[in-house]
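Engineer: Letter by letter, the chains look like this.
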Amino acid sequence: MRLLGIDERRLRLKWVSASEGIIFAEQVRSFTQLLRELGGPVIAGLPPREAAPTPVAAAMELPKTASA
Amino acid sequence: MLLTQKQVDYCMECGVCTGSCPVNRVSPSFSPRQMIKQAIMDCDENLLARRELWSCLACARCSTRCPVQIDFPEVIRAYRGEARKMGNRPLASHHGVLQAIAGLQTGEVKQQRTAWAQDVGTFRSSGDTFYFVGCLPYFEVVFSYLGLTPVSTAQNILRILNKIGIEPVISDDERCCGHDAMWSGDEATFQKLAQWNVDTIKASGAKRVIFSCPEGYTTFRKHYPKVVGDLPFEVLHISEFLAQELPKLGLTLEPHGDGPVSYHDPCKLGRWAGIYEPPRQLLQLVPETQLVEMPRNRENSLCCGTSAWMECSSCSKAMQMERLQEAIDVGAQTLVTACPKCQIHLTCAKSNTDLNIDVVDLYGFLAKSMK
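For the protein sequence lines, the chains are A and B, in the order given. Counting in my numbering, the first sequence runs from -13 upward without gaps. Counting in my numbering, the second sequence runs from 70 upward without gaps.
Chain A with its partners taken away, still in its complex shape:
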């Protein structure tokens, strides 16, 4: 992320136990709040994302009318 110049605060990894509901809620609240403040887009000028690669679909006979 640093190499690509993306603000590293945009990734958050926390371990929260199933019994720690308040901590979980607080993490989600503060993280979404931060992301709202940082605004977007993260990287301008990107094309819309293509559908995820589907090797399984590709392995099957593809319908001749299919288009992406």
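Calculated from the structure, these hints are not laboratory results. Note that CB positions come from ideal geometry on N, CA and C, so glycine has one too. Heads up, some of the hints might be wrong.
To give an idea of the interface, some chain B residues facing chain A are shown, with a C-beta separation under 8 Å as derived from the structure [said to hold, decoys possible]:
no.: 1; residue: Leu173
no.: 2; residue: Gly176
no.: 3; residue: Glu177
no.: 4; residue: Val178
no.: 5; residue: Lys179
no.: 6; residue: Gln180
no.: 7; residue: Gln181
no.: 8; residue: Thr183
no.: 9; residue: Pro206
no.: 10; residue: Tyr207
no.: 11; residue: Val210
no.: 12; residue: Lys440
With chain A held as given, fit chain B onto it using these hints.
Structural biologist: For chain B alone, kept in the frame of chain A given last:
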């Protein structure tokens, strides 16, 4: 049909392509000759839906041997573009992280990709000579798990260039060269990256661009002109450049004592660019280097088994193991290559075996004796 009429007319079905294909040796279901024949006889839809479309490594062993010059890798590339539109897409290796990194670079990123150079040597933001570093800073992150340090290649090159008296331009605005996107049929990503790079290099005022990555070099030389027109600068591979410049310096290089060394020709530097001797000349600048050749060398070199970070398979692994064994069989203790990807692939294959051979990059090998 994506084959040209000329290609259709000339193919005499001699099968040299399939006989030369290293993938076919391991996976007989992949046959260039059959695919060309299918393209000629059938409608394209059948070919476009096939998984085998993604198995070609573009190693160019078939096309350099074809008696009527059918450029099979280029045919495959054209079909891949169409196949992708139909939803037939390759299986990305490494969870697609390298495709994501390339894709993100088509946007307005503010990269920090020159950090590796800070305390290593002198470089500039504008000047005559641009050093195109390529993916090395990203590989450093992605492949640290293999114990590799890909940026050390760039660092050694910067040190060597500084020794020659060159302070190259290196740039945070450099983008992925688009080689992998292009070979995955993703022409849109490739074109955007090509334009970014040409604009960045132009803005630096560089008259020549030096590459260490064979793929970047070949992509600029062979494929950029097709999408951005004639390049407003000269492109050079560092092995050629150093083979000319280093002997003039009269440096005293120290022997390594690394034992017999073999050189693995990367496809994109060898068959694609015709650069066979300069890397060998560089190896022999190191005193007491005992260069041993593998049976498959130069234009007969075996590909390192994977291309464009896709479709890594048991076929890839079989080829890599075969190559490592070939080097060991001729008595090599060190296998030197000039391509970061060959080094990554061969190191990966070696990592869960007890094969006793070091896989090192050419510039690390040189820098080691330039203390």
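Engineer: Each hint should be assessed against the structure and marked as holding or not.
Structural biologist: Checked hints:
1. Checking Leu173/B against chain A by beta carbon gives a least distance of about 6 Å; that is within 8 Å, so the hint holds.
2. For Gly176/B, the suggested interface contact is upheld, since its CB lies about 4 Å from the closest CB of chain A, less than 8 Å.
3. The criterion of a C-beta within 8 Å of any C-beta in chain A is met by Glu177/B, whose closest approach is roughly 4 Å, and the hint holds.
4. Here the hint on Val178/B is kept, as its CB sits about 5 Å from the closest CB of chain A, short of 8 Å.
5. Taking 8 Å as the C-beta contact cut-off toward chain A, the hint placing Lys179/B at the interface holds, the least distance being around 4 Å.
6. With a cut of 8 Å, the hint placing Gln180/B at the interface with chain A holds, because the nearest CB-to-CB distance is about 5 Å.
7. For Gln181/B, the interface hint holds, since its Cβ comes within 8 Å of a Cβ in chain A; the closest pair sits about 6 Å apart.
8. Hint on Thr183/B is violated. Least Cβ distance to chain A is approximately 10 Å, over the 8 Å limit.
9. The beta carbon of Pro206/B comes within 6 Å of a beta carbon in chain A, closer than 8 Å, and the hint placing it at the interface holds.
10. With its C-beta approaching chain A no nearer than about 6 Å, Tyr207/B sits inside the 8 Å limit, and its interface hint holds.
11. Evaluation of the Val210/B hint against chain A yields a held restraint, the C-beta minimum of about 7 Å falling below 8 Å.
12. Against a cut-off of 8 Å between C-beta atoms, the interface hint on Lys440/B is violated, since the closest Cβ of chain A lies about 30 Å away.
Violated hints, in rising order: 8 and 12; the structure is consistent with all others.
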